[in-house]
Structures are given as C-alpha cells and as structure tokens.
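**Q** One-letter residues, chain by chain:
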Amino acid sequence: MKTLASTFLGLMLVAMATVVAIARADAAAGKEVFQGSDCQSCHYTQGPATEKSIDDQLAKKGPELWYAGSKFQGPWLQAWLQDPQPIRPMKFNSVMEPNPGGHPALSADQAGPVTDYLMSLTSDAVKAGTVKVKKKNLKGRLIFIKKMPCSGCHQFPTKKKFSGGLSGPSLVGAGQRLNPDWVLAYLQQPKVFKPVKMMPVFVGLLSDKDMKNVAAHVATFK
Amino acid sequence: MSRFFLMGLLMLILGPTATGVAQAADGEKLFQFYCAQCHGTEGKGDGPNVTGDFPVDPRNFTETAEMNKLSDADIRNVIIDGGPIADKSPMMPPWGKTLNDDEVEALVQHLRQLCNCTGKAG
Chain A
106 MKTLASTFLG LMLVAMATVV AIARADAAAG KEVFQGSDCQ SCHYTQGPAT EKSIDDQLAK
166 KGPELWYAGS KFQGPWLQAW LQDPQPIRPM KFNSVMEPNP GGHPALSADQ AGPVTDYLMS
226 LTSDAVKAGT VKVKKKNLKG RLIFIKKMPC SGCHQFPTKK KFSGGLSGPS LVGAGQRLNP
286 DWVLAYLQQP KVFKPVKMMP VFVGLLSDKD MKNVAAHVAT FK
Chain B
797 MSRFFLMGLL MLILGPTATG VAQAADGEKL FQFYCAQCHG TEGKGDGPNV TGDFPVDPRN
857 FTETAEMNKL SDADIRNVII DGGPIADKSP MMPPWGKTLN DDEVEALVQH LRQLCNCTGK
917 AG
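Taken in sequence, the protein lines are chains A and B.
For this note's numbering, add 105 to where a residue sits in the first sequence, where the first one is 1.
For this note's numbering, add 796 to where a residue sits in the second sequence, where the first one is 1.
One or more hints might be untrue.
As the list claims (entries may be wrong) - Partial chain B-side listing against chain A, Cβ under 7 Å, derived: (1) F829; (2) A832; (3) K840; (4) G841; (5) P844; (6) N845; (7) D849; (8) M887; (9) P889; (10) P890; (11) T894.
Treat the hints as calculated values from the structure; they're not laboratory data.
C-beta atoms are modelled at their ideal positions from N, C-alpha and C, and glycine is treated no differently.
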C-alpha cells in the first residue's frame with residue numbers, strides 16, 4: 106500500500122514538473138513571438154514603473170505590460186490577442202482622439218505562447234485571493250456609481266447596455282478581463298503600477314474595505 | 797562688448813517673464829492631463845466624458861461671471877476635496893491625494909486665465 110502511494114506521489118510530481126516545464130517553454134516561445142512581432146515598440150515589459158512626470162506618461166505609446174500576468178485573466182487575454190477589439194474608447198494617452206482600433210492580431214498558434222509569456226509577467230504587489238467575488242456587491246456598486254466618480258470616466262454594463270464616461274478604459278466585460286486582486290492592488294498602490302495617470306489616487310479617501318468592495322463590484326461586470 | 801551687454805540686459809528683462817510662462821505652461825499641462833477629460837481642452841465643460849449619461853454639467857471655466865463668484869480658496873478646496881465639499885457632484889473627484897500644493901496652485905492660476913477673472917477675495 107505504502108509503495109503504491111509513493112509511486113502515485115512520484116508520478117504526480119513528475120506530471121507537475123512536466124506541466125511547469127511545458128509552460129516555461131511556451132512562455133519562452135511567446136517571448137520570441139512578442140519580440141519578433143515588434144510588440145515592444147508600444148508596450149514595455151520591464152518593471153518596475155519609472156514614470157515621474159506627465160511627459161514620461163505621455164511618451165508611452167501603449168499600456169505597460171510588465172505586470173500583465175497579475176492584471177489579466179489568461180483565457181480572456183488569449184482570445185483578445187486573436188481578436189483585439191478596443192478596450193479604451195479614446196486613443197491611449199489622448200483626451201480627445203477616439204480610439205481608431207487596429208491593434209495587430211495574432212494567430213491562434215501565436216496567441217497561446219504569447220499569453221503564457223504575458224501571464225508569466227507578474228507583480229508581487231498583487232496578492233492572490235484577497236478579493237472575494239460574489240454575484241453582487243451593493244456596497245461596491247454604491248461607491249462606484251454614487252460616492253466616487255468612477256462611472257464618470259469608465260464605461261460599465263447596465264440593464265440597457267452600458268453607461269459611463271469615455272476617458273478611462275472601459276470596464277464592460279471586466280469580470281472576464283481583469284483579475285480582481287489586481288484591481289484592488291491598483292487602487293491600494295497606484296504608484297507601483299502607474300505612477301502618473303489621469304485617474305485620481307484614492308488612497309486615504311477609500312478604506313481598504315471600500316476598495317475591496319469596489320474591486321468585487323468591478324468583477325461582476327459582464 | 798556692447799552686444800554682450802545688450803544680451804545680458806535682455807535676459808534680465810525677459811527672465812521673470814519667461815519664468816511666468818513656464819509656470820503657466822505647467823498649469824496648462826496639468827489641466828490637459830487631469831481636467832480636460834471632463835471640462836474639455838478649452839475648459840468649456842465639454843470633455844469626452846460628458847456623454848448623455850453624465851449626471852451633471854461640468855463647470856465651464858470660460859464663464860467669467862460665474863467664475864468671478866468663486867475665490868481662489870473656493871477653487872482650491874474643490875480641486876483638493878472634490879465636488880461634495882462645495883455641495884456639488886461627486887463626479888468632480890478629490891485630487892488632493894494626486895496633486896501636490898504647487899500643482900493645485902498652478903491649476904487655480906490656469907483657471908483664472910481661462911475665465912479671465914480674479915474672483916472674489918478670500
């Protein structure tokens with residue numbers, strides 16, 4: 106019996122090591138595709154963030170991806186890379202210019218490894234399992250819509266379709282797109298991820314509990 | 797020699813003016829980055845966030861008579877603490893944790909340029 110158990114355990118360990126090795130290999134292949142496709146001309150993958158001024162932020166051509174694995178959900182990212190519809194209503198870093206779209210798409214063969222690569226880029230500031238997501242979070246909803254101006258800049262789903270402002274990234278579909286623990290970390294430690302940004306800093310204005318509720322509410326967005 | 801003297805004289809005369817322009821440019825830059833998304837690039841209250849769903853009309857800073865009713869302190873307080881401090885909408889965010897004192901002051905001065913007014917004392 107003991108021999109059987111130890112054999113089983115051994116097989117499990119070998120299987121897990123194989124899975125990890127394959128993931129690493131795919132991430133390495135994805136990095137090659139990422140670099141070969143010139144993605145780095147718009148997205149930087151080396152953290153931490155170093156922007157110190159508005160000029161530094163405006164010099165960036167696209168969203169930073171050095172914490173993509175903490176920010177996004179893998180299945181969403183893999184699908185989006187193959188059919189990259191705009192997330193921001195306005196062009197990146199622009200107040201007045203609508204987003205023209207046209208982000209390059211990857212093939213299915215490329216999207217898998219690139220997703221593995223991007224999901225390997227993580228930030229220690231994001232703690233897994235901190236935000237408890239339920240079907241509804243009324244306290245978070247109240248803060249999002251009434252107490253704070255979140256809806257003034259971010260589109261969000263409503264019964265009629267969606268509502269909200271255009272200057273920030275849309276949060277329609279955020280439940281499938283974003284990791285709720287990253288949303289919380291972004292609210293709690295904005296300077297870690299984006300030191301200079303158009304969104305106000307809410308540290309000291311919202312409690313940790315409020316921020317958790319907002320992150321949990323955003324996670325319900327379809 | 798006289799050419800150097802003239803250049804020095806010009807620098808002395810233009811120095812303070814040039815500094816003033818730089819400060820105004822900072823206020824303009826801050827405004828375009830943080831405020832224009834709701835108040836519009838020209839401060840007319842018509843930024844891209846003001847869709848049909850937007851629950852209030854962001855202030856039009858070019859309305860001189862309305863802006864003259866506000867003191868610099870009134871404007872400063874709303875920038876720092878948000879709309880609710882002046883019984884206005886929470887759609888105006890509290891920027892006090894985002895901007896430092898110099899940046900808030902540069903924005904106040906920029907709004908005074910937009911309204912072409914000095915506001916009430918206080």
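**Q** Against each hint, give a clear statement of whether it holds in the structure.
**A** Right, here's what the structure says about each hint:
1. Interface hint status for F829 of chain B: upheld, as the beta-carbon distance to the closest one in chain A is roughly 5 Å, under 7 Å.
2. Because the closest C-beta pair between A832 of chain B and chain A is about 5 Å apart, less than 7 Å, the hint holds.
3. For the restraint placing K840 of chain B at the interface with chain A, the shortest Cβ-Cβ distance is roughly 13 Å, beyond the 7 Å limit, so the hint is violated.
4. Proximity of G841 of chain B to chain A is violated relative to the hint, the smallest CB-CB distance being about 13 Å (cut-off 7 Å).
5. At its closest, the beta carbon of P844 of chain B sits 5 Å from a beta carbon of chain A; the interface hint therefore holds under the 7 Å criterion.
6. Here the hint on N845 of chain B is kept, as its CB sits about 3 Å from the closest CB of chain A, short of 7 Å.
7. The beta carbon of D849 of chain B comes within 4 Å of a beta carbon in chain A, closer than 7 Å, and the hint placing it at the interface holds.
8. Annotation: interface hint on M887 of chain B holds; nearest CB of chain A at approximately 5 Å, less than 7 Å.
9. About 4 Å separates the beta-carbon of P889 of chain B from the nearest beta-carbon of chain A, less than 7 Å, and the hint is met.
10. Satisfaction of the interface hint for P890 of chain B is found here, the shortest Cβ-Cβ separation to chain A being roughly 6 Å, below the 7 Å cut-off.
11. Because the smallest distance between the Cβ of T894 of chain B and any Cβ of chain A comes to about 4 Å, under 7 Å, the interface hint for this residue holds.
Violated hints for the displayed structure, listed by number in ascending order: 3, 4.
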